[in-house]
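**Q** Please work from the sequences and hints to get the whole structure.
Protein chains: 2
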Amino acid sequence: MEALLRRRRGLVPALSAAAGRLRRARRLGHGAAGRLLVSRLFQPLSLQEGGEAGWEARPGGEAACRSQKLMVQGGLICPAGPGCYHYLPSAVRAMEKLVGLIDREMRAVGGQKLSMPSLSPAELWRASGRWDQMGRELFRLADRHGKDYCLGPTHEEAVTDLVATQTNLSYRQLPLRLYQVTRKFRDEPKPRFGLLRSREFYMKDMYTFDASEEAARRTYSLVCDAYRRVFEALGLRFVQVQADTGSIGGTVSHEFQLPADIGEDRLVLCPTGHFAANVEMISAEQTTCPTCGEPLTPTRGIEVGHTFYLGTKYSSVFNATFYSAENKLQLAEMGCYGLGVTRILAAAVEVLSTEDSIRWPSLIAPYQVCFIPPKKGSKEEKGAVLMEHLYDDLAEAVPQLAGDSVLDDRTQLTIGKRLKDANKLGYPYVIIAGKRVCDDPPVFEVWSQNTGEVMFLTREGVIELLSKVRVP
Amino acid sequence: MEALLRRRRGLVPALSAAAGRLRRARRLGHGAAGRLLVSRLFQPLSLQEGGEAGWEARPGGEAACRSQKLMVQGGLICPAGPGCYHYLPSAVRAMEKLVGLIDREMRAVGGQKLSMPSLSPAELWRASGRWDQMGRELFRLADRHGKDYCLGPTHEEAVTDLVATQTNLSYRQLPLRLYQVTRKFRDEPKPRFGLLRSREFYMKDMYTFDASEEAARRTYSLVCDAYRRVFEALGLRFVQVQADTGSIGGTVSHEFQLPADIGEDRLVLCPTGHFAANVEMISAEQTTCPTCGEPLTPTRGIEVGHTFYLGTKYSSVFNATFYSAENKLQLAEMGCYGLGVTRILAAAVEVLSTEDSIRWPSLIAPYQVCFIPPKKGSKEEKGAVLMEHLYDDLAEAVPQLAGDSVLDDRTQLTIGKRLKDANKLGYPYVIIAGKRVCDDPPVFEVWSQNTGEVMFLTREGVIELLSKVRVP
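Chains as they are written, first to last, in the numbering used here: chain A, 1 to 472; chain B, 1 to 472.
Among the clues, some could well be false.
As the list claims (entries may be wrong) - Think about it this way: if two alpha-carbon atoms lie no more than 20 Å apart in a straight line, the pair counts; the simulated PhoX-like pairs of lysine-lysine are:
1) B:468 with B:97
2) B:435 with B:420
3) A:417 with A:376
4) B:379 with B:435
5) B:97 with A:97
6) B:69 with B:420
7) A:190 with B:147
8) A:147 with B:190
9) B:375 with B:435
Said to hold, decoys possible - Going by beta-carbon spacing under 8 Å, a handful of chain B positions derived as facing chain A:
10) 41
11) 86
12) 88
13) 113
14) 116
15) 140
16) 141
17) 143
18) 172
19) 187
20) 191
21) 199
22) 200
23) 228
24) 375
What the hints assert, rightly or not - Pair by pair, the computed Cβ-Cβ distance ranges are:
25) B:286 with A:319: 57 to 65 Å
26) A:225 with B:327: 53 to 61 Å
27) B:37 with A:237: 32 to 40 Å
28) B:282 with A:170: 55 to 63 Å
29) B:467 with A:450: 48 to 56 Å
30) A:324 with B:468: 40 to 48 Å
31) A:212 with B:127: 40 to 48 Å
32) A:237 with B:145: 33 to 41 Å
By construction, these hints were calculated from the structure, which means they are not laboratory data.
Beta carbons are placed, not taken as given, at the ideal position from N, Cα and C, and that holds for glycine.
**A** Written as structure tokens, this is what we have:
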């Protein structure tokens with residue numbers, strides 16, 4: 001029985017892998033392969049010859065900071081006008097993974113996802129007073145009937161008006177935690193640094209409605225916890241600092257900042273962790289921690305999240321009320337919470353990358369694995385087939401990686417040249433069919449970007465290693 | 001051995017279900033439950049008392065057609081201004097499922113997903129001549145520097161300009177099949193019918209670049225096949241008709257239409273399937289099929305997809321070229337392809353629903369299963385706990401349904417009232433703890449919307465039935 005099982009175990013993977021290849025090929029309609037080939041990806045063909053794609057020459061393509069340079073050169077974004085970018089396929093893949101991660105954390109705090117229009121009627125903004133207050137940061141337009149709109153940079157007015165339409169809202173339905181992941185628009189006076197400060201960008205914005213101030217503060221702290229979990233999952237060093245409430249308003253506010261020299265925000269941190277604030281929040285004289293007296297350390301940060309306790313600032317304007325347990329109409333206590341989705345992508349690249357090589361939080365890398373087969377005409381050429389089988393076997397054995405592997409089929413180039421490109425693009429794992437692919441059994445060279453390790457592994461070893469890769 | 005196995009089999013589900021409940025509860029941070037409760041969903045509290053939510057009273061909330069009425073009443077959409085809607089949580093769930101299905105079919109034909117800005121510079125549209133040609137359908141605006149933009153209703157100009165920046169494009173990289181799923185904007189003179197004709201909507205648009213006319217026609221037919229697979233997967237009856245190319249241009253065009261009385265397009269169909277066209281394409285005298293001579297049947301349709309063979313109309317304007325095998329620069333042959341994502345949602349509801357009950361293509365129903373526990377204080381009340389266990393066990397045994405089940409905890413209402421609501425919202429499966437929940441073993445009443453069947457099943461029977469549900 002034991003022997004039979006072992007024999008079957010030996011057989012099954014090979015059989016099922018072959019069947020899987022066929023099934024996949026048929027489904028993809030790609031002939032015999034169905035593999036993702038680097039030569040077919042819509043990205044600059046050759047990263048060595050920088051500038052050849054011509055994108056750096058476009059307005060917004062000049063390299064004002066590391067992430068902008070690397071993302072334009074690596075074919076992640078392409079300038080489409082001042083402060084506007086095309087998100088190219090690899091960037092969309094990273095973004096969708098990030099959104100998946102954010103969705104999970106928002107659901108975990110009871111978030112319900114909706115989607116509000118970008119066209120935001122002027123009357124909502126006039127009611128809150130922000131039609132004038134926001135000044136030239138609002139993109140404004142009129143429709144064919146002369147009715148005024150702005151393109152929503154944020155949606156406090158819209159969501160409060162929406163909740164106010166539910167005139168029979170009961171305290172039992174609260175808290176309401178509504179969020180969306182949509183494009184936002186802000187007519188920045190000086191868009192710059194690529195996706196770090198652009199005019200059209202993706203944001204996750206949540207709006208919460210509670211029955212009491214106490215409940216609203218509980219919600220506030222729950223959402224802040226969720227934000228921390230997002231940055232922890234990404235492996236990004238961040239600080240949560242006290243912040244100004246700005247044009248959004250409210251009484252309490254925090255920013256989530258990634259410390260970085262390029263950051264536009266100036267922060268002070270207590271070295272023992274008792275206090276952290278945006279300098280907007282402290283007087284120039286304050287140089288020590290208000291709690292422990294330690295000297296405050298100045299640093300710069302990239303703002304990637306912002307939370308506001310709003311109270312009834314908007315609910316009172318739009319009359320967003322609910323029936324209390326005593327059946328009295330009361331104003332909902334609100335909070336709002338933003339995560340800069342595209343800004344997180346760029347900020348992560350900014351803080352993790354080296355001067356000329358992109359590094360991703362591994363959870364959201366556009367592709368997890370790059371396979372580099374031998375150069376055409378080399379001694380190891382027959383290793384190409386083994387590598388293709390390994391690619392297919394991995395997709396079969398580790399289904400969550402099935403769409404997450406690319407095969408660098410530019411076999412007219414040396415392995416070294418392609419490895420250099422792979423290094424620049426920051427695949428967490430690169431698998432090379434080097435000299436030892438001719439060993440029996442064949443041995444593959446596996447580069448792990450995050451640990452800096454190089455391993456020599458058999459087919460089974462590669463699959464075992466990669467079966468541990470987490471995907472969102 | 002056999003006996004041992006059987007005993008273990010009996011034990012394991014109970015144990016693993018309990019452990020799973022704990023794990024899930026911890027993960028969700030929702031106390032002991034972590035279940036999706038109907039009373040907590042952001043939707044009208046009571047569907048019986050129509051109009052109470054106040055949404056129908058807003059502009060755009062009046063019921064001009066079935067899908068609009070049902071989607072507003074059911075809390076799927078809420079008017080946000082003329083031709084603009086908030087997509088509420090259930091609609092977003094359906095939309096994300098639909099997008100998942102479309103993504104899969106686009107990837108299957110080699111589609112690479114990108115995302116282009118909504119702010120589309122006027123100079124692109126002036127270059128193609130459409131800045132004037134599109135007239136008042138374009139939403140136009142100027143930024144703080146006085147630079148003109150429109151909000152993209154479609155992206156032929158933008159994508160062709162983008163591909164043209166890759167000045168060293170090789171024939172080896174072709175075909176390029178780029179697509180996005182983004183909001184589009186069109187200043188309709190008469191927005192109406194809810195999501196069927198709105199001013200801000202989601203569209204999937206694909207743009208293809210091929211090395212020759214022959215290759216481009218192959219791409220055209222591949223993408224049409226993919227569109228057919230989308231509608232087939234949704235179980236929607238559709239026709240593919242010859243269509244006018246309109247302002248997009250090109251030489252060949254087809255529309256994908258769902259036959260419906262409310263449809264704004266007039267079609268003629270050959271009863272034997274030899275010919276189908278939008279009436280725009282035929283002369284008034286033509287009343288018989290050009291192929292077989294059968295009399296043409298007039299019908300109306302809702303346009304849900306549109307394909308265009310463009311040739312070099314746009315590539316010649318923006319100089320989107322590639323190097324041929326002979327190393328000569330040639331213009332790319334283009335096609336463009338649209339699927340109305342939010343329109344498909346509404347059109348599906350329009351054609352599948354009854355007068356007062358929503359019916360979804362089961363693949364994209366917002367939730368697959370609704371659990372209705374007994375009324376509080378009824379004889380069957382103790383069945384509530386059994387139902388909660390069934391909910392949890394299903395999530396454990398059929399993980400793809402874990403986030404797809406809701407528990408109607410409004411136990412102050414009779415089962416009958418809640419079943420009526422569930423029927424109106426169109427859950428594919430409704431599971432009721434009726435009288436027979438007190439049997440030993442307990443028996444649940446399972447309503448299958450799509451087959452109209454009512455089944456009486458044990459816990460194991462329910463799980464077996466639902467393990468066959470397909471999710472995208």
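**Q** Give a verdict on every hint.
**A** Hint by hint, here is what the structure shows:
no. : hint                         : verdict
1   : B:468 with B:97              : 17 Å, holds
2   : B:435 with B:420             : 18 Å, holds
3   : A:417 with A:376             : 13 Å, holds
4   : B:379 with B:435             : 8 Å, holds
5   : B:97 with A:97               : 16 Å, holds
6   : B:69 with B:420              : 17 Å, holds
7   : A:190 with B:147             : 14 Å, holds
8   : A:147 with B:190             : 14 Å, holds
9   : B:375 with B:435             : 11 Å, holds
10  : 41                           : 7 Å, holds
11  : 86                           : 5 Å, holds
12  : 88                           : 5 Å, holds
13  : 113                          : 5 Å, holds
14  : 116                          : 5 Å, holds
15  : 140                          : 7 Å, holds
16  : 141                          : 4 Å, holds
17  : 143                          : 5 Å, holds
18  : 172                          : 6 Å, holds
19  : 187                          : 5 Å, holds
20  : 191                          : 10 Å, violated
21  : 199                          : 7 Å, holds
22  : 200                          : 5 Å, holds
23  : 228                          : 13 Å, violated
24  : 375                          : 17 Å, violated
25  : B:286 with A:319: 57 to 65 Å : 59 Å, holds
26  : A:225 with B:327: 53 to 61 Å : 59 Å, holds
27  : B:37 with A:237: 32 to 40 Å  : 38 Å, holds
28  : B:282 with A:170: 55 to 63 Å : 57 Å, holds
29  : B:467 with A:450: 48 to 56 Å : 37 Å, violated
30  : A:324 with B:468: 40 to 48 Å : 46 Å, holds
31  : A:212 with B:127: 40 to 48 Å : 58 Å, violated
32  : A:237 with B:145: 33 to 41 Å : 37 Å, holds
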